[in-house]
Every structure is written in C-alpha cells, then in structure tokens.
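*Asks:* Residues per chain, in single letters:
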Amino acid sequence: MIALDEDRIMLRDTAREFLTDKSPVSELRRLRDSRNEDGFSRELWGGMKDMGWTGILIDEDHGGSDFGHVGMALVCEEMGRTLAASPFLSTAVMAATAIGRGGSGEQKKKWLPAIAEAKAIIALAVDEGRKHAPEKTALKAELAGNAFTLNGEKTFVIDGHVADAIIVAARTAGEPGDKNGISLFLVDAKAPGISVERVITVDSRNSARIKFDNVNAVEALGETGKSFNLLENALNAGRAGVAAELLGIAGESFDRTVAYLKERKQFGKLIGSFQALQHRAAHLFGEIELLRSLVLAACVTLDKSPDAAGTAVSAAKYKACEVGRLAVSEAVQMFGGMGMTDEIDIGFFMKRARSTQELLGDAYFHADRFALSQKY
Amino acid sequence: MPLETFRRETREWLAQNCPPEMRKPSRGEPDICWGGRNWEFQSEDQKIWLERMAARGWTVPMWPKEYGGGGLSREEEKILREEMRAISARSPLESFGIWMLGPALLQFGSEAQKLEHLPKIARGEIRWCQGYSEPGAGSDLASLQTKAEDKGDHFLVNGQKIWTSYADKADWIFCLVRTDPAAPKHKGISFVLFDMATPGVTTKPILLISGKSPFCETFFDNVKVPKANLVGTLNDGWTIAKYLLTHERASIGGGLAIAGMRSLPAEAIKAIGRDESGRLADPFVREEVIRAEIDGRALLATIERYKAEAKAGQGVGAKSAILKYAGTELNKRRYEAFMTIGGSDALEWESERSEEGTLAREWLRTKANSIEGGTSEIMLGIVAKRILDLPEA
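Residue numbers (my numbering), protein chains in the order written: chain A, 760 to 1135; chain B, 14 to 406.
Some clues are possibly wrong.
Stated by the list, open to error - Calculated cross-link-like contacts (lysine-lysine; reagent style DSS-like; alpha-carbon spacing at most 30 angstroms):
{"#": "1", "chain 1": "A", "residue 1": "LYS970", "chain 2": "A", "residue 2": "LYS867"}
{"#": "2", "chain 1": "A", "residue 1": "LYS1028", "chain 2": "B", "residue 2": "LYS398"}
{"#": "3", "chain 1": "B", "residue 1": "LYS198", "chain 2": "A", "residue 2": "LYS1021"}
To be clear, the hints were calculated from the coordinates, so they are not data collected in a lab. The structure displayed is predicted, hence computed values, not measured ones.
Extracted from the complex, chain A is given alone in its bound form (with noise of 0.2 angstroms):
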C-alpha cells in the first residue's frame, strides 16, 4: 500500500483547481437546461486533453501522459466531487485500455494519439440488457467472407451518441453466458447499418441504445473468440474509475452535508450539535476512508498486475456502490426538506450516484465476482 507521493498529490490538487473552475456543478445544470446536445462541453474536453488527461492511460510512445491507474483515479474522484460531464471514462480510460493492450501495432499508432490528442471520441458496447453481464454477450458476429458481420443490440452505451468510433463486444462461438467465444470489433460510428438513440439518463448524462443491423466488414480488435480477457482489463479499468468516481461523489456530499451541519439552525442550535446526526457523520466519515483504500488498492494492482486485478477492482466497485448509496442518502436527508429542492445541488450527487453504482457491474454483481474469485 502507497501514500500518494508529490506527483500525484499535485496531480490532485490541480485537477481539483481545474475542474471546480472550468466544470463546476452549475456546469452540469447548464448542460443539462440547455438541452445540450452532446452533454458535455468540447472545449472542456479540450482542457482535459491540455491537462495530458486524455493520455492518461496511454504510453509516451503514443502521445500519452502515462500517469497510470492511480492517477486515472485521482482525475475520476475529483470529477466525482463536481459531477464533470465528459468522454473520460469511455474513452481515456476503457477504449484506451482495450486498444492499448489488444490492438495491433497499426491499430495503436492510429487510434491511441487520436484519443490523447481529443481527436477521437471511442465507447465500449457491452451492455445487452438491464443489467452488466459481460459474458452474457449474444450480440451476433458472424464470418461472411473473410470479414465478420455484426448484427444485435447494445445498450447503456456510455458516450455512444457523440462516438466516433465504438468497441463492440460480440459473440463469434458459444452460448451467452460462455466466456469463449467472445470477441471485440472496433467499428466506425458512422457504418451502414448502425443506428444510434440517444438516451438522457436520470443525472442528466448521456448513454446510448444502438442497433447494428448487418453491419459489414468490421475490423476486429484482439484475438477473434477470446477476447473476455482484453474486455475484462478495459471493464476493470473502468470499474476502478467509477469506483473512483463514487467516491469523490461520497466524499463531496459529505463535505457540503457537514457544512450544513454547521450552519443550519434548528431548537436554537446548530443541528452539528446533535449527537444523533454526528454519529451519522462520524460513521460515514469512516466508510468513506475504508473506501479510499480499496479504491486505491485496485489502482496499485491495476497498474502492477492488471490481469490479476478483478477481486481487488470488485471489492472496491462493490463498497464504492455502499458508500456512495449511503453518502447521498444521508446527504438528502440531512439536507431536510432544502435536499429535496433542484435548487440545492445535493440532488445532482444522488442522480449521478444512483447511475455510478449501476455502471459497470452494480455491488451485487461485484459482490458476487468478488466471491467466486476467492472460490465460494
């Protein structure tokens, strides 16, 4: 286990400075009164390239800033703290993985500097029902040729309206629910045959249904029929960044939640005097530590031993979707009738908490991973 060192301190510290001035939560209201047509800024999304975050899991070879998982973490808990609407996580984080680590050599040389130069917008299609069950893949790709053919639905594609390009999970042998026989395809957006809705989700972000009606000719990414692996290292990588997420999200509806505390009246007394709202804090408080550790646990193994990862990942994913339940509830009901209100921001956290823990697997699923890798 690690103390964050100086780089990385300053690499928190200016991701805090950087978004509470360019993507506070009014950013967010914005967007989202605005009816905003991507649900993020560009010009945001261009500072985050300036900041080297776009790279962030990326080598130097190919243009990245290579901070590594840790880092990655650090930029998704602050952008947690002021609900930052952006491509980060699909992009920066699972496409860069998923193409870092399976793609070829051509591959990387064309898709990697894209993405660290935010010239490229990539999602990951794996979601085919209500809930994230990557090896339940049916989405069909079949040989017609020498090329494969893809035909199915995906769903709660994350950035998949403003994508330029999508990473599709697809089975090309086996039954759903089989591991082998799984295989990724790196398909443009724009291919015949596919057909994009957009979705605006309850904390005002953005995911996708898309259909890929005989789509033709895609170019596979990985190897064909055993590619769980190489979808695992970019699911794990994102689930440690939500995780990440989650607890920036626990940890800044704690902050304002005891601000209130301190300032809200009530029987003609600070409401922080209240021994049975302190508990309450007090406890959270503790949650939200043990939290940390096990984000930054995962982070540590993502970045030593990424295909050893998954119990570290699920263990932080499963108590970051708690903590993060627990952080925004209390923070509503703290906050009385005022948490209610669209005015107050405390809302916004709930939302977004409420997506985060569905995102990637929500705790039951990581619960459930999180045993069977230890054998029970």
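Since the structure of chain A is already known, use the hints to place chain B on it.
*Replies:* Using the frame of chain A, we list chain B on its own:
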C-alpha cells in the same frame, strides 16, 4: 543489508530455529505465550521459541537493540512477518508491555526507565497490566479518582481500578492516578509504574458472560510507589494516557483484522458447501460473508495506507479512532456470522466436540471489542469533534 539478503537469511534462520510445535495453527488465547514471572510454558517448544526469538530481539523487532529489540526497519519487520506467516510460525510473545507500555516508555520514559523495563518486556520476563478504568470512570476516563499522595520519596496510592486485564496474572502495572485533586480533571493525572507484589495491592477476577475472567477489579490500599516510577511529567499523565489510548485503539482495530483468525469463507464452505456453480450454497450467508470479507480487506488496506501516510509525513492523528470503530464493529458482525454458520453446533458450551464452547465464548468475547479501549460511541464522538469539527452539544 539489502532486503533480499535479509529475507533469505530470515527464512533460513526461521527454518532452522522455529520448533515444529510453534508452526501449528494457533487456537488463539490458549496458545498465546504471555510470559511473566509466574508463566508456565505450555510446551518446551514454546519456551525455546521465546528464548530464540528474544535473543535476536525479534519479540519486538522494531525496538532499538539497546532496549532488547531487533532494531529492524519497517521494511525488514514486514519481511519478518511475511516469512513467519509463510511457515505459520506463531507469535513468540504477546503482552501489554509490547503493545502499550513499551511504545509509551520509548516516547515518554527516562533513559533509566527504558533500560530497566524494556529488555524485560522483550524477553517476556515481566508481564504488565494496565490500570485505567475505574467503577466511576469508564467512557469519562479523565474523571478517575484513584489518588497518589506525595509522601516525599514515594507516592501513597489508594483507590480502585476495574477491567484490569489479567491483573491477577500480571507482575507490574502501569497506572493512571490523580496527583492534583484541585486541578481541572485532565490536568491532575499522572502515569506511574509499580510492582503488583507491593503490599496493599489486591485483585479479584470478574466473571464475564463468556464464562471467563480475563478482567479483574484491582484494589490499592496504601500502596507505596517510589517517586522514580513516575513516567513523564507530574500531573501531565493524560498526555501519555491519550497517546496510549490512540495506540491501543489502532492496535485493537488492527489486531482484529490480522490473519491467523478464523476464516469466515473457510468455515462457511465447510459447514454449508458449494452449489454446482461453485458458489457458497446459502445465498444469505454468502452475502454476509462477502460483506465481512470486503470490509476486512478495506480495514487492512486502511491500516496500511495510514502507516504509509504517517511515514510520508502526512498526518493521520485522530483517524485511528476509525480503525478502532470499524475493526471492532466488523469483528462483532463476523462472529454473528460464525454463529449463524455453526447453527445449533455453535451453541455447545460444555462439550469436548466444541472444545468447551470455544466459538460461543469467542462470540461473547467480541461484544467487549466495541466497549474496551473507548466505546464505539466515544470513537464516533472523537471523529465528530476532532476531525469533522462539529459543534459541541
């Protein structure tokens, strides 16, 4: 010495010197070596193991060599622990001297006190107990009333302590006493050491719900304590008390998270079995087990993180209260799960099969975890006040 060399030499030394009996899984309490004047070793191997480890200073690996320690760095100590775990070596010695008095003396003791007491702790020759709580001073510890009057060359101590762990077996006590009754409660307390064999000291074990008596009432009736046995400054004992409490809380929380305990998944699999998908067959128990296992990991990772942060000069301070709170509450949950898994078997109290109700007694013992060393509510209060800076009630 390069760490890899240290690891290799440690491994070789352990292989040659750890006796076979000491590599069998510890059953916990009955297998612990506490040491002390009246200690009866449970086996010859236990005695040899203590002597060999103490000779290297490895009963207290990180204490300075001049005080009987091993003088190891944090990294070396970690390697020693890992290598011991690798051969399932038992801890050669446990004691309040190692956990509590030693760190306090290293911090606050005079050179003479360090030289007199620390080597005896390291060699397991003197067993210590802690005189903190009183019948009227539990959570409000600073209101303690046991008084020590200045009689020139000695203090005259009168009063009563309670929950003194193993007072009936201990050789010496480190004790909080009131030396200035007129001062505000935190300002009139001193920290003194004395021999339990001193005339006027009596102990009486307290029977607990577990059927065991690890704690005593301890009575002081005109006990003469030499002035040289005052640790730190007169009337400033609360500083040491707080330091020790912080230390104790971290080690209670942490100690509970350390390996060598019952494994929840292993016991659950043994009792319940797996279904055809490889999952523990009872989904409700499975979820309990998972929650406890993940929280256990979180606690260990947090202990490690705080250590790393403290080493990097990033303050940890009152956060040890979280470790105590989280660790003890988790341990209670784990034992509720063990009892559920054990079902009616776990209720057995006086059978050979159950080793005289070991599990049930351990379960009951865990209920004290969140009371001793500062209750969970006190811990939450510390977090609220010192970390969150919430207003006074």
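*Asks:* For LYS1028 (chain A) and LYS398 (chain B), compute the direct alpha-carbon distance and say whether it is at most 30 angstroms.
*Replies:* Holds: LYS1028 (chain A) and LYS398 (chain B) sit about 16 angstroms apart, inside 30 angstroms.
*Asks:* Verify the proposed pairing of LYS198 (chain B) with LYS1021 (chain A), using a straight-line Cα cut of 30 angstroms.
*Replies:* holds, 29 angstroms
*Asks:* Would the hint linking LYS970 (chain A) and LYS867 (chain A) be met if the CA-CA limit is 30 angstroms?
*Replies:* Distance of about 26 angstroms is within 30 angstroms: holds.
Checked against the numbered hints above, the structure breaks none of them.
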